[in-house]
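Colleague: Residue numbers (our numbering), protein chains in the order written: chain A, 601 to 945; chain B, 601 to 945; chain C, 601 to 945; chain D, 601 to 945.
Errors might be hidden in some of the hints.
Any copy, or any two copies together, can satisfy a pair, since identical chains are not distinguished.
To be verified - Below, simulated DSS-like cross-link-like pairs (lysine-lysine); rule was C-alpha separation at most 25 angstroms, straight line:
#1 K825 to K729
#2 K899 to K640
#3 K825 to K882
#4 K826 to K640
#5 K640 to K729
#6 K795 to K825
#7 K882 to K729
#8 K795 to K826
#9 K826 to K882
#10 K729 to K795
#11 K795 to K882
#12 K899 to K825
#13 K825 to K640
#14 K899 to K795
#15 K640 to K882
It should be emphasised that the hints constitute simulated quantities derived from the structure, not laboratory data.
Protein chains: 4
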Amino acid sequence: MADLEFRSDNCGRAAPELIQALVSANEGSVLGYGGDALTKQLQTRFSQLFEHPVQVFPIPTGTGANALALAAVGSPFGAVYCSPEAHINTSECNATSFFGSGLKVTPVHGVDGKVDPLALDAAVSNAGKGQAHKNQPEAINLVQATDMGAVYSVSEVAAIGQIARAHGLTVHMDGARFANAVATLGCTPAELTWKAGVDILSFGVTKNGGLLTDAIVVFNPEVAKKMGFHLRRAGMIWSKMRFASAQVMAYVQDDLWLRLARQSNAAALTVAQGIAHLQGVKLIAPVQANELFVEMNPKAVDYLIAQGVLFYRRAPNMFRLVCRWDTTTEETTRLIALIEQSPRG
Amino acid sequence: MADLEFRSDNCGRAAPELIQALVSANEGSVLGYGGDALTKQLQTRFSQLFEHPVQVFPIPTGTGANALALAAVGSPFGAVYCSPEAHINTSECNATSFFGSGLKVTPVHGVDGKVDPLALDAAVSNAGKGQAHKNQPEAINLVQATDMGAVYSVSEVAAIGQIARAHGLTVHMDGARFANAVATLGCTPAELTWKAGVDILSFGVTKNGGLLTDAIVVFNPEVAKKMGFHLRRAGMIWSKMRFASAQVMAYVQDDLWLRLARQSNAAALTVAQGIAHLQGVKLIAPVQANELFVEMNPKAVDYLIAQGVLFYRRAPNMFRLVCRWDTTTEETTRLIALIEQSPRG
Amino acid sequence: MADLEFRSDNCGRAAPELIQALVSANEGSVLGYGGDALTKQLQTRFSQLFEHPVQVFPIPTGTGANALALAAVGSPFGAVYCSPEAHINTSECNATSFFGSGLKVTPVHGVDGKVDPLALDAAVSNAGKGQAHKNQPEAINLVQATDMGAVYSVSEVAAIGQIARAHGLTVHMDGARFANAVATLGCTPAELTWKAGVDILSFGVTKNGGLLTDAIVVFNPEVAKKMGFHLRRAGMIWSKMRFASAQVMAYVQDDLWLRLARQSNAAALTVAQGIAHLQGVKLIAPVQANELFVEMNPKAVDYLIAQGVLFYRRAPNMFRLVCRWDTTTEETTRLIALIEQSPRG
Amino acid sequence: MADLEFRSDNCGRAAPELIQALVSANEGSVLGYGGDALTKQLQTRFSQLFEHPVQVFPIPTGTGANALALAAVGSPFGAVYCSPEAHINTSECNATSFFGSGLKVTPVHGVDGKVDPLALDAAVSNAGKGQAHKNQPEAINLVQATDMGAVYSVSEVAAIGQIARAHGLTVHMDGARFANAVATLGCTPAELTWKAGVDILSFGVTKNGGLLTDAIVVFNPEVAKKMGFHLRRAGMIWSKMRFASAQVMAYVQDDLWLRLARQSNAAALTVAQGIAHLQGVKLIAPVQANELFVEMNPKAVDYLIAQGVLFYRRAPNMFRLVCRWDTTTEETTRLIALIEQSPRG
């Protein structure tokens, strides 16, 4: 019996549409480093998508997107606030402080991987503004969907946005799973970003059917003007940019991105609904995107591993399951059955 | 009449074999961040190719490859020597000093884009070793083929390698056009690198039929051990690494890389032979790879532009022509004809 | 009535002996940047003081000492562990991540400003060694005396030292109040540092009677060899170094540093003994050096402020008192009286 | 016979007035980190001195002053132009690129250690503004007096200032020997700085009778607002700032700084006039401050060394002589006599 893949959405395949886009882009010669027609069209396309004049910069990785977005809006003596579970705090080898030349990643309390608005307000208020000993509050990082698989509602984002405005801070959204969040909420991209106070967005592609590119979407023209220089100095601008832009174009073509996200979301929901009622199974965060965080006794977790279920175990009695855009019904069915059969008692 | 493309090898198409490799790699689920089987095979394949145990790290851009290779072998108070025309000195927005935390890019005299061994030896000898005021000599950067279109012979590399050893320096080769150089010299990759004293190599793919990846090849296991951490912190490790590794594998499969390089080299040679004898035309560096640097009177240069020839003009009377792996005989023939017809007199 | 100064030891005067040393050093001409005889003598003097061959580098500030000591022993992808209250975590504007190019400051649990050995061991064990997503454990920062006014015993330092060795980590001691700790413990400087596993020490002078210099003491010769380059690149080496070295020499001459520390320690103890028994007064950490952290009801704290007592209020009901080497009996007597009179009820 | 000291002005003594100022400042307790009255007075005093509202930040070293001034006005992708001999280019271990996170130090042609206005204009015009490959022109660094011992006239500075304005660049003056330049020119500090287009000044103290402090003077209030944060994060703000501010206050009291500079300038002029006419002696740059650059045949240079003259030999036949504020007539007389007696023939 083959292994069951629930490790990460980045273990999955690329959507054929994106690969086809690469094939189609491979015609004729074009200017390098983003001077090509496809990259120009991408600007227009995303300005439509976000109902706002934006600049979009394809970038190889989500870590690059996050760290360079934050470095571009922050100072070397700044602080960026985030949830303790935020990817920039736990999984990017402190790239934000590196690219930000000392910019400090500062976790504040929250649940389900979210930043708690009251905790944020208190932290910023007590941060020692104007005291040179202290990193100065400059930015907020929201992960959408969160690193616990939850989704900020539009009004939750707007609440954070308001605090940001009150304190003169920039809002960065780490949208590694932005598509999953939009799919869940049924809102527009605009409602979830600039209309709610988001200034700059890491627009995830890779985890949701992409290959080798994510993107930074900049809503603030002042920041956009300098972004290309930041990226170039960081070695983050491909010379054959058309092949990245083609992927991003295909990704949003005919709502592909939302269709793919709906598939991984639905798979996660299927699993959640299949196991939530089982005795000895606890979902420790709401399942609102494509991830599940499950508590079971260690023996039951061991059993799943022995049966070939692949996932990341975070503790003896806790593990994460991630569904991909191409997770099949057979896979979710087998997984649910195995959890049912596991010695949870 | 269509424009004639001679701007850059990064304006060209990808080789279909590399795109096909992406398609083929898009099967099943695999571990992310380089934990997949293809990336493992790549290690073996490159160790064979270089006749030496190496580690190879696919990386999005050549700038990233150069800057991170140098940062990994250098200190924040170090100096890296290069030719004045070196890409790290002229075209990478000082990424080397950024990733290297102050590592200084220090040009030394040379001709045809090469580092002159005597000038290098003198510069290092007079650099103030042990004086904290002075950036301490740590590395040498060779561009192969050079930024003037010339190629270091194996013995020229070895001469630099010997100076490096005498002074305890590391040798980095910026092989953005490594394939062109190997194709020209007819040597083995091993002869041109570690056997001649090269410690770490930026292995170019993009300019020679690639899409979105280059690679770092590390010959020194101590350096290799830390390279992954350097790259991750720099946001330079793709989560879906298999799609990068697949390109690099296809690139070296059945000598594809050398065949592609021979094509662009041959196109450049054709142009060189077609124009070198013309009155008023001067090639200012040897044409040993796929680039030509041409001097003509400004009126003649204007004429070419007016006729739709695309290239980078470096001065009123000087321009660069670059041939791609897919530059056609028709293109070179038309170019030669236009230069013949230009008002050079 | 004059204000009562209990804000910080850096609000106090310099010891006259150090100023006299400046006067005495101002004779004749000497080589700059540490090439002078006094700076050489300092090496010998400290090697005697620490019963170990050390290199000592006077440096303008404690922040510089901490950040550059850690940057010199860490990697750009490293993590340094410390207590949540550690100065590097709370009061240095993330200089450690800046000088360390991304080196992450990582608080672990502890009480009284100390690092808890078990929490440290667990944190390091679970840090994800070998996973490039995670900052790699590299160093431990101990503050001695702690930022809560407590002192690590020799065996407590040694316990941390052992964990460090087990995990291959470097131990940095932030000895901004090293003199106070040695004075309290009655141990030798050697026992509290290298004999207990400390590799590098920020040796505080400023807070204990100094003017404009602290120092880094390096026990590891490999690190020492490169330290001068790190410091020079950071603009941290005075050209007229003799005036810094003279201060440090005078500071340790005839045990001046310990006499000064005993004075501020005694003043703090006097206050502690004078107020500890009062109702409504709580000392929230042991008073083992020259600092007190006091809880009283907000009205009582307000009263002290109104009476002209100067200190830093950390919360409505909590404040810090710091005694200086020249805090007088009159000052401590008046302070105790005012606390007695305050409306604590 | 004692050695003759002509190595550097940083080999000399401090002016007694500055040491006396330290003694006087050592009274009572004051707030740390620049919150004291003396540091406040310094702001007023310098605003008078420069006839302009300025902020002045005492800072330990000239390297710190230069690098942090430039980092505060530049971007990580910027270029700062300077003369090839500029201290930031030759003697500061690339601190500017380090603190500036990649900010590139870019030498342009000039004579006598100056930046040539035409060369500067050409370099900036051809720098590739708007091209992300290229470090973007942002700042100009002028060394006053120059590293060749010459002095920019007010109109020369203004000419550079005009080019800066035309290109939107900031002008930084490295005034390590600013006093020597003002003394030579007989102009006001205002005329030589902001009136001529200088935005930020490294105000040298150490070389001209100081001990352990230099200063940054900021003419632009926007830059001034952030400077304290930059400095704190760099570990460049002393907690006992009053002892630095006291030095700087004493330095400009009753024109002390100009009197000291006149003394070293006069000594240099005496030497210049004493040797310029000698056969086989060539002064390779105008002697307008306190430094001389002398060419003589190697045998004559050897002779001086053998006779105990201390200086830095830059080449077999070239050396630098530096006069201090306390260089005596006896010293210059002996030096001239030894040069006369040297085998120059």
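Colleague: Next, verify each hint and record whether it holds.
Modeller: Do the hints match the structure? See the list:
Taking the shortest alpha-carbon separations for K825 and K729, only the inter-copy value of 13 angstroms comes in at or below 25 angstroms, while the best intra-copy value is 28 angstroms. Neither within a single protomer nor between protomers do K899 and K640 lie at most 25 angstroms apart by alpha-carbon distance, with minima of 55 angstroms and 33 angstroms respectively. Proximity of K825 to K882 under the C-alpha cut-off of 25 angstroms is found in neither arrangement, the shortest distances being 48 angstroms within a copy and 40 angstroms between copies. With identical chains, the CA atoms of K826 and K640 are at most 25 angstroms apart within one copy only, with a shortest distance of 17 angstroms there and 36 angstroms across copies.
Within a single copy, K640 and K729 get their C-alpha atoms only as close as 41 angstroms, which misses the 25 angstroms cut-off; across copies the closest is 20 angstroms, which meets it. Proximity of K795 to K825 under the C-alpha cut-off of 25 angstroms is restricted to the intra-copy arrangement: shortest distance 21 angstroms within a copy versus 31 angstroms between copies. In this assembly of identical chains, K882 and K729 lie within 25 angstroms of each other by CA distance neither inside one copy nor across copies; the values are 42 angstroms within and 29 angstroms between. For a Cα distance limit of 25 angstroms, the shortest separation of K795 from K826 inside one copy, 23 angstroms, qualifies, whereas the shortest one across copies, 30 angstroms, does not.
In this assembly of identical chains, the alpha carbons of K826 and K882 never lie at most 25 angstroms apart, being 47 angstroms within a copy and 39 angstroms across copies at closest. For the identical chains of this complex, K729 and K795 are neighbours neither inside a copy (27 angstroms) nor across copies (34 angstroms), given an alpha-carbon limit of 25 angstroms. Within a single copy, K795 and K882 get their C-alpha atoms no closer than 36 angstroms, and across copies no closer than 50 angstroms, so neither meets the 25 angstroms cut-off. For the identical chains of this complex, K899 and K825 are neighbours neither inside a copy (55 angstroms) nor across copies (36 angstroms), given an alpha-carbon limit of 25 angstroms.
In the homo-oligomer, the alpha carbons of K825 and K640 lie at most 25 angstroms apart inside one protomer (15 angstroms), although the nearest pairing across protomers, at 38 angstroms, exceeds that limit. Proximity of K899 and K795 under a CA criterion of 25 angstroms is satisfied in neither setting, with 47 angstroms inside one chain copy and 45 angstroms between copies. For the homomeric pair K640 and K882, neither the shortest alpha-carbon distance inside one copy (48 angstroms) nor that between copies (37 angstroms) is at most 25 angstroms.
Hint check: violations occur at hints 2, 3, 7, 9, 10, 11, 12, 14 and 15; the rest are consistent with the structure.
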